[in-house]
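A.B. asks: Line order of the protein sequences matches chains A and B. Sequential numbering from 1 applies to the first sequence in my numbering. Sequential numbering from 1 applies to the second sequence in my numbering.
Calculated lysine-lysine pairs in the BS3-like style (CA-CA distance at most 27 Å, straight line): (1) B:Lys103 to B:Lys35; (2) A:Lys151 to A:Lys54; (3) A:Lys143 to A:Lys63; (4) A:Lys143 to B:Lys103; (5) A:Lys151 to A:Lys63; (6) A:Lys143 to B:Lys35.
According to the in silico footprint, chain A covers these stretches of chain B (three or more CB under 8 Å from chain A): (7) 24–37; (8) 43–53; (9) 58–72; (10) 77–84; (11) 91–103.
The following label-pair restraints were derived from C-beta to C-beta distances: (12) A:Arg57 to B:Asn2: 38 to 44 Å; (13) A:Ile5 to B:Pro5: 45 to 51 Å; (14) A:His85 to B:Leu4: 33 to 39 Å; (15) B:Asn2 to A:Asn87: 46 to 52 Å; (16) A:Gly131 to B:Met1: 55 to 61 Å; (17) B:Leu14 to A:Ile5: 46 to 52 Å; (18) A:Ile5 to B:Asn2: 42 to 48 Å.
Source of the hints: derived by calculation from the structure; they are not laboratory data. Ideal placement from N, C-alpha and C gives every residue a C-beta, glycine not left out.
Each chain, written out:
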Amino acid sequence: MMRRIFPFPLFSVALFAIWLLLNQSVSPGHLFAGALIGILGPIAMTALELPRAKFRRVRAILKLLWLWFEDVVRSNNAVAMIVLHPNLRGATSGFVDIPLELRSRYGLALLAIIITSTPGTLWTDYDTATGVMRMHVLDLIDKAAWVRRIKERYESLLLEIFE
Amino acid sequence: MNALPDWAAWLTALLLLLGAGITFIGSLGLVRLRKFYDRVHAPTLGTTLGTLNIVLASMIYFSITEARPVLHEILIAIFVTVTTPITLLLIVRAAVFRDQLGK
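All chains, full assembly: derive it from the sequences and hints.
C.D. replies: Spelled out as structure tokens, the structure:
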């Protein structure tokens with residue numbers, strides 16, 4: 001019964017919070033409209049027949065967000081240095097193949113967002129049969145280091161959260 | 001509307017310039033870098049720290065002048081960060097497809 005009304009409880013909460021933030025108000029009218037959207041939105045989503053997601057371990061999620069933020073700041077700086085360098089050392093970019101154990105579609109989607117939104121790294125390909133992800137790195141020096149980095153920094157946490 | 005104290009004016013201006021500067025460097029990279037895959041990296045400067053700094057400046061400015069917490073800008077940062085990879089991935093996948101066709 002609860003499953004019928006709240007097929008994606010976290011999504012319901014997120015929609016409700018976004019509605020209140022957008023309207024900058026907690027008046028009864030907005031609370032009501034937000035609740036309505038929080039209930040109807042996810043019910044409409046069930047038409048997409050999405051697989052159920054596991055999403056847990058708050059500590060791992062917070063740690064992941066922090067590592068992501070840290071990487072974004074560091075690589076903003078690194079990419080800015082490359083762009084501003086007078087004679088562009090652009091020949092160092094290249095592709096790295098990273099074998100992943102992560103199979104959860106949501107986990108992979110989040111990893112794609114993390115890698116792509118970080119300047120200097122870009123998700124380019126994923127083979128569902130072999131589980132090998134290919135990424136493009138702007139400042140590529142040591143391929144093995146990148147494999148270790150993605151697996152240790154992100155994949156281990158994503159496995160903990162989604163599987 | 002409240003007056004903006006000096007420290008807040010400086011902070012807002014600093015964050016705005018920082019955000020605009022980072023976004024500018026990103027756009028500059030789009031022009032300067034030579035290979036297609038290299039260039040795709042550059043604009044993400046603007047969509048991460050560039051946006052974040054400008055959003056922070058806006059939150060500080062309006063929270064002080066309107067004397068209440070103004071937080072809805074945080075949604076801009078979240079949505080820009082989460083949706084940019086979709087566009088970038090689409091462009092990159094198209095380029096990969098083109099490269100494979102060429103072989």
